[in-house]
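Here the protein sequences come in this chain order: A and B. Note that this note's numbering numbers the first sequence so that position 86 is 86, with each residue one more than the last. Note that this note's numbering numbers the second sequence so that position 26 is 26, with each residue one more than the last.
Because the hints were derived from the structure by calculation, they are not lab data.
A short, non-exhaustive set of chain A residues, derived as facing chain B with CB atoms under 8 Å:
id : residue
1  : A86
2  : T87
3  : N94
4  : V96
5  : G151
6  : G153
Idealized CB from N, CA, C, for every residue including glycine.
Protein chains: 2
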Amino acid sequence: MQNIKIIKIGGNVVNDTTVLHAFLKDFANLESPKILIHGGGVLATTLAEKLAIKQTIIDGRRITDAATLDIATMVYAGSINKNIVATLQAMDCNAVGLSGADGNLILGHKRVSSPIDYGFVGDIDTVNTNFLQILIENGFLPIVCPIIHDGTGQLLNTNADTIASEIAVSLSKIYNVDLLFCFEKLGVLQDVNDENSIIENLDFELFGNLKSKKLIANGMIPKLHNGFLALEKGVQSVSICHAKNINHQNNFIGTKLSL
Amino acid sequence: MQNIKIIKIGGNVVNDTTVLHAFLKDFANLESPKILIHGGGVLATTLAEKLAIKQTIIDGRRITDAATLDIATMVYAGSINKNIVATLQAMDCNAVGLSGADGNLILGHKRVSSPIDYGFVGDIDTVNTNFLQILIENGFLPIVCPIIHDGTGQLLNTNADTIASEIAVSLSKIYNVDLLFCFEKLGVLQDVNDENSIIENLDFELFGNLKSKKLIANGMIPKLHNGFLALEKGVQSVSICHAKNINHQNNFIGTKLSL
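Excised from the complex, chain A in its bound form (with noise of 0.2 Å):
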């Protein structure tokens, strides 16, 4: 089978441009076929804010009303996803950009809303990797955005994390397939206070041991989940790590998950 990069980069790419310029550079250089998922960042609430459009916020969590998804939708599908592939392209990189709804790439449902509604959220049934393989067989590189569709005309936001690791998995059929999630540290931290200590390998029963102790951070915990089930799922490979360290040579700096 043939090997298949599936990188995911969150906000705090997104949202600086340098960062971001930097980021793509490396993406267009690595070699085989390759996916990029990005996350949104904080223009989307920049935009909110602007407009004067109130964020609910249940249980430290956004609910997605129908003004905040058109937001989620112009921002995530519309400005950063446009802007990524024209520079892709610039770099000789023939980036096409994608939601969910484009070639029913990703049709889900809104989430149940018990006990609380979060709106316009969706989970993930199915992804479409017939598209997704005409468009990489034909040499074009899909750049996703995190909205879906639910099959019926509506849109919906859904967690970028979510999204690649579906990704990975329905193309681990297919070819063999390398997850990356980049963040802001150099890889999972085994002291939060020392950004050096990364955890080179970590394998689900010491993921175990260090959420017990709760040695690792919230927002890293639905990330590293997402990770383990692609490795059980059958991607070949699941790593974190910094947003400039994708293009190793040999050499990688972060964490690599195993089973």
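Given chain A's structure and the hints, the job is docking chain B onto it.
Quick look at chain B alone, frame taken from chain A:
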């Protein structure tokens, strides 16, 4: 050669959810491969107003500064494009939303700033027909928004009529192309005050006569110029009709252009 329909809708369709939905239903029911090109409508202007982004008009034409371009990208490539795609997906049309940056679909350059600098407005150099052909042959329907790129990472705003015409001309080398411009009237009218005075066949000579007598409205002239140019360059048929009349059964209501 296979037939393909290229249909352009403007603001009057995009602005009204009910009209847009009815149009998309007719579009979904059209046989043969098809491509939709949509304009922007008032949504971008409304968003600019809400964000208090000043719109500069010189000689009746809007200047696209960086903030205005970002709004156009968000509204056209984000909100409008993805909602159209999701609606078509619900109608069993495998739509793929595209800007001109995606897959290097439409490469252009910033309009030469003489005498007026219109800002980030693009003139088209090339259309990637190969990309469109790959999508069409695999059963996908391209839905194109009026944002192109210049190959150096810069997005540019472009007239949707021109995009429709250029895509039609490019594809006429490999398909029999029917190009249809939809607008708010039933066709080109002999008498602007009589909605039923449709000119069924408009040739270039009659166009010249009507133009010299100032019987054709200003906004219509560039649309017709685009249409005649497309015919000259090999497009099989060019018509202008109301958005509600695209799915005619041998009973076309509208204006057909001829050379």
